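Which chain is which? The protein sequence lines are P and L, in order. Sequence positions in the first sequence follow the working numbering and run 810 to 923. Sequence positions in the second sequence follow the working numbering and run 6 to 115.
Simulated from the structure, these hints should not be mistaken for lab results. A quick note: this is a predicted structure, and the numbers were derived from the prediction, not measured. Possibly wrong hints are sitting among the right ones.
To be verified - Not the full set, but computed from the structure, chain P residues with beta-carbon under 8 Å of chain L:
#, residue
1, D851
2, S857
3, F873
4, F899
5, Q912
6, F913
Think of the CB as a built atom: it goes at the ideal place given N, C-alpha and C, for glycine as much as any other residue.
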Amino acid sequence: AAGVIQSPRHLIKEKRETATLKCYPIPRHDTVYWYQQGPGQDPQFLISFYEKMQSDKGSIPDRFSAQQFSDYHSELNMSSLELGDSALYFCASTRLALSYNEQFFGPGTRLTVL
Amino acid sequence: SQQGEEDPQALSIQEGENATMNCSYKTSINNLQWYRQNSGRGLVHLILIRSNEREKHSGRLRVTLDTSKKSSSLLITASRAADTASYFCATEAAGNKLTFGGGTRVLVKP
Numbered sequence: 810a811a812g813v814i815q816s817p818r819h820l821i822k823e824k825r826e827t828a829t830l831k832c833y834p835i836p837r838h839d840t841v842y843w844y845q846q847g848p849g850q851d852p853q854f855l856i857s858f859y860e861k862m863q864s865d866k867g868s869i870p871d872r873f874s875a876q877q878f879s880d881y882h883s884e885l886n887m888s889s890l891e892l893g894d895s896a897l898y899f900c901a902s903t904r905l906a907l908s909y910n911e912q913f914f915g916p917g918t919r920l921t922v923l
Numbered sequence: 006s007q008q009g010e011e012d013p014q015a016l017s018i019q020e021g022e023n024a025t026m027n028c029s030y031k032t033s034i035n036n037l038q039w040y041r042q043n044s045g046r047g048l049v050h051l052i053l054i055r056s057n058e059r060e061k062h063s064g065r066l067r068v069t070l071d072t073s074k075k076s077s078s079l080l081i082t083a084s085r086a087a088d089t090a091s092y093f094c095a096t097e098a099a100g101n102k103l104t105f106g107g108g109t110r111v112l113v114k115p
């Protein structure tokens, strides 16, 4: 069965650079979530999209932005990168038409900021 | 404050033993989910229990939910070395986003 795809899997950037993370949800899933997991920490919700519209926002810095495109894939854009942005970034998808919300997670993108 | 908090933070058991971990949360929820994460890798969904359910089984996993105490437990029976991982509970409330707990690191020794 198709899973959530994230690219790239690993990314190394310098401080103050920009990064773009991509997420391709499971086919027919209409909702995408982004989570950030710092070293030794639990995942923290960043932002979500339903039918290409932002549906919820968590602890996402103003330096980050995201969008969901017509094919339902999503991109997380990160600018003016800081050392503290080094983390695992997960994308998850679900189909909200279902009676419960089981989120399927991608393998994550490991971002290292030097 | 954290929505979900897990207890214990770390657990070391012998293969074949049972592992139990607990999760507490603070607000009303739609459902509670358990995930497993191998070191630095992706989150694997284990089981979802809805707010109107009290117990659920899936293979060697047993999850309970007590909404009056705002707590859940995950029991892994007959543990295997491959069960070594971090286990997170996550609650889903209004808005559908998941709020994760601190995780329990489980080490199953062969």
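Evaluation of the provided hints:
no.	hint	verdict
1	D851	holds (4 Å)
2	S857	holds (6 Å)
3	F873	violated (16 Å)
4	F899	holds (6 Å)
5	Q912	holds (6 Å)
6	F913	holds (7 Å)
Checked against the numbered hints given earlier, this structure breaks only hint 3.
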